[in-house]
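Start from chain E and add chain H with the ligand according to the hints.
Quick note, the sequences are listed as chains E and H, same order. Going by numbering that gives the first Met the number 0, the first residue of the first sequence is number 0, and it counts up by one from there. Going by numbering that gives the first Met the number 0, the first residue of the second sequence is number 0, and it counts up by one from there.
Think of the hints as simulated: they come from the structure by calculation, not from any bench. One or more hints might be untrue.
Here are some, though not all, of the chain E residues that point toward chain H, as calculated from beta-carbon distances under 7 Å [stated by the list, open to error]:
#, residue
1, T5
2, D16
3, A21
4, S27
5, H35
6, D39
7, C62
8, A87
9, R88
10, I89
11, T97
12, I154
Dumping the calculated DSSO-like pairs for lysine-lysine here, alpha-carbon to alpha-carbon at most 27 Å [said to hold, decoys possible]:
#, chain 1, residue 1, chain 2, residue 2
13, H, K75, E, K160
14, E, K3, E, K34
15, H, K49, E, K34
Which bits of chain E does chain H cover? Going by a derived footprint, with three or more residues having C-beta under 8 Å, they are [as the list claims (entries may be wrong)]:
#, segment
16, 63 to 70
17, 138 to 151
These figures come from a predicted structure and were not determined experimentally. Built from N, CA and C at the ideal position, the CB exists for glycine as well.
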Amino acid sequence: MQFKGTAHRYGRDIDTDVIIPARYLNTSDPAELAKHCLEDLDVEFVNKVAPGDIIVADENFGCGSSREHAPIAIKAAGVDVVIAKSFARIFYRNSINTGLAIMECPEAVDAISAGDVVSVDADAGVITDETTGQVFQAQPFPPFIREIIEAGGLINRTKQKMN
Amino acid sequence: MARPMTMAEKILAAHAGLEEVEPGQLIECDLDLVLSNDVTAPIAIREFNKIGVDKVFDPEKIALVPDHYVPNKDIKSAEQAKIVRDFAHEQGITHYYEVGCMGVEHALLPEQGVVGAGDLIIGADSHTCTYGALGAFATGVGSTDAGVGYATGKAWFKVPESLLFKIEGELAPGVTGKDVILHIIGMIGVDGALYQAMEFSGSAIRNMDMDERMSISNMAIEAGGKAGLIEVDDVTRAYMDGRVEKPYTEYHSDPDAEYAKVYEINAADIQPTVAFPHLPSNTRPAAESRDVVIDQAVIGSCTNGRIVDMRQAAEVLRGRKVHPNVRCIVIPATQQVYRQCIEEGLMDVFLDANCAVSTPTCGPCLGGYMGILAAGERAIATTNRNFVGRMGDPTSEVYLASPAVAAASAVLGHIGLPQDLDEQE
Ligand code: SF4
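Next comes chain H alone, as it looks inside the complex:
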């Protein structure tokens, strides 16, 4: 009998061809997918070329998603995107997504069924941890790891300890997956899970749809986590059915598996939460943040650009207008989400409210383009990072929140809650 293991340990062991692994062990694993984007792939390709092999290990197990600066922001970004495109064509990469099919990578790959339960995935993008929501072990790496992954299909790992977060009970109305993860990061800090895998469980998670689960796993990295896993259940299976065509494997943590720490969280204690500049851990209840006047609201990104997020934002914006002093930018994360927004009438809601709606792109999330902040400006955003200069000038500020809070703030002109609007009217 192998030692009792967490789901993270089981996935790593299976991909290293080992019966069991334990935290601290250094292993080499076979990968199911190697991901990179228009910022990280050019370096990965350069490194791949240095190795001296002609062909990638498997053109079906590499995903190249130009999403950060495309549609091309400027000449330099056009050159970067071209390097990726040429490589994809030359190597016959199956999962290359051109503008028009492209979406923000961590929303796109689950939606397209490219990632599934039990997969071991590396991505040259830190939010690769998003796929933990499907019961995969997925982690961000640098371009060199990705370049080596293209050539060999392998990567080295140090088996992480696991942390268990049990969120039991019912979330209050208006409290979303985003609030849960901001609450946790506020509790443990930006290095609270450093070198560790986070596992989220409990009835509050089980009652959550996949889109909100992905928002949680997405931000594991903001606590320093190596992965952010959620157990596979009927909700996961229903999501994967009809999307994931390859066989997938469920790994469940053993009841007596060892965790470095177990956090018990009462779902009812979690409030709509805002992370103040300049760290995602600098959290406060939205209800205590009303004095922050904003210039811009951004609703989108790999954290909150999925259809559920669009619906939550639209519900607040329906029949209302964005405050005249605020620019509200809405970015559905994929073409499919974009189309669904049209079909469900959400696009009309956004346009009637005076939002600017963009084709899928990372754009403002990383301060790329499509909504850069001037000196001293403040934005509320459904994105995941609020570091100095993240969305523009180093003196600008980013406040992180859920789609509902961001939408309400866009109408109010300052940070606030959807219920504040009812009171105002």
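Okay, chain E solo, but in the shape it has when bound:
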């Protein structure tokens, strides 16, 4: 999978409450959730994000609650990939299961600035900052997790196995 978009840069411990505040959890409609994505952190985010954009953040991205509304809101807002130094584990699972591409790569996070155009080759784990020309290698996924991603998420994999 190949992605290319503008980087939106955030800090560490971006929690699921700021990704999608609980006051909007009385719905699970992706389009509705997308309207409020990250609003308590950056009210401008939903206005400036363009389809295909990339979020770049420091450690522990997605910490807090298990709400799958968080990766759903990010994806529905138009973001294809999140690159972080590390992810909170439930968010990590949820992203793999729901098909939001995520990459762990501390070097890339340190080097990429907000507004840089970044391209990602998710299969090879290669991240390129097109603005500066720097290239980074992210952690590749273990085979078991690749299997889920390649099946198109956990539901599809389960479907294949059960039917």
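Leaving out everything else, chain H with the ligand in the frame of chain E:
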């Protein structure tokens, strides 16, 4: 002989049908329980329906607890709760709890004997780690994992490394399980146990009742932990006796099991602790937090809404009045706790003190309803998260503390300790 293992590794190995497992290994396990609530179940049900099977794997091994926005907060929440109710009835789910029987899930399921030692549990709610206090491996997942769990009774896991926290000695009077876990999170940070299982042991834990142990395991996730386990002992057995009807299995860590890190903590060093906005790791001793003026106090939640918590709060509030500038909201976490509050006379204490007492609900804990904060307002809460906007307006603030500190603060009008009240009087 299998390699020496921690209790977390033993539970995972047993449920994967393996002799032994080691950290980093990816395994598929059989589940004893799949939990979800009115926020996460609607998505889980949607995902379950996509798989194309008609029936859940076992209607007795699924728990559906509408607790976040029920009794229904608004029309949208009513629709969510209805999706869960219809599914529960259609599938004949045994552990579905309607309003009137319902409680905050992580207080309710242990109380009702639905979870027991040695169980492997996933819950589409991050505080599922609470059941570690009973010697279960219980972890939060997303709705897709839960939906797949409904269909297959299985989930994938990466075997985590374990961290051992040994808390030895006696806790000072007034220091509770909540203070212990806030102290630990303050020490290791909100990602201090990321991808790892936490295990709590030592004499201070052994001397603690189940309710306080559950407060500790409950907040393992606030350090990024995958689970928060406590060894089964006589206190656990006494709690499970007469509640847990199915057979349960005790798993004990081998003495030579490998831990990624061992933390030795002197119980006497732990003080009543408050977590300042906007992270649970931003801790300070309550004694150094007296300049924080508050507008609201919330006593309840899956962290501190059990009977022991209610007693601790009532002890402080007895014969006193909540400060005129403070709204004090008390939410017993289950119907049983609610009834016990009445029977033990705690309800009179709360009402005499001018507290608002609510039927069980998550309500204000996640900024749902029943106590939302206006811009710039401050609350002290016995809940577990103080992220930006957690209890209302993004400029409001939440301070996390024990029931005793929250109750004392409600009377004082600012953060403080129960002993400050004696001095004042
Ligand atoms: S009480 Fe709060 S933390 Fe616990 S389950 Fe409810 S919303 Fe989540």
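How the hints compare with the structure:
Checking E/T5 against chain H by beta carbon gives a least distance of about 24 Å; that is not within 7 Å, so the hint is violated. For E/D16, the interface hint holds, the least distance from its beta-carbon to any beta-carbon of chain H being 4 Å, beneath 7 Å. Interface hint status for E/A21: upheld, as the beta-carbon distance to the closest one in chain H is roughly 4 Å, under 7 Å. Interface hint status for E/S27: upheld, as the beta-carbon distance to the closest one in chain H is roughly 5 Å, under 7 Å.
Hint status for E/H35 relative to chain H: violated, with the closest Cβ pair at about 11 Å, above 7 Å. Nearest Cβ of chain H to the Cβ of E/D39: about 4 Å, under the 7 Å cut. The hint holds. Hint status for E/C62: holds, given a least beta-carbon distance of 6 Å to chain H, under 7 Å. With 7 Å as the threshold, the beta carbon of E/A87 comes within range of chain H, its nearest partner Cβ sitting at about 6 Å, so the hint holds.
Proximity of E/R88 to chain H holds as hinted, the smallest CB-CB distance being about 5 Å (cut-off 7 Å). Because the beta carbon of E/I89 sits about 5 Å from the nearest beta carbon in chain H, less than 7 Å, this interface hint is met. Here the hint on E/T97 is kept, as its CB sits about 6 Å from the closest CB of chain H, short of 7 Å. A cut of 7 Å between beta carbons decides the hint on E/I154: the least distance to chain H is about 5 Å, and the hint holds.
As the CA atoms of H/K75 and E/K160 are separated by approximately 35 Å, the hinted pair breaks the 27 Å bound. This hinted pair checks out: E/K3 and E/K34 have alpha carbons roughly 22 Å apart, not beyond 27 Å. Proximity of H/K49 to E/K34 is assessed by CA-CA distance (about 25 Å); at most 27 Å being required, the pair is judged to hold. Remark: the segment 63 to 70 of chain E is confirmed as covered by chain H, as 7 of its residues place a Cβ nearer than 8 Å to a Cβ of that chain, reaching the required three.
Residue count for the segment 138 to 151 of chain E with a Cβ under 8 Å from a Cβ of chain H: 4. That meets the three needed, and the coverage hint holds.
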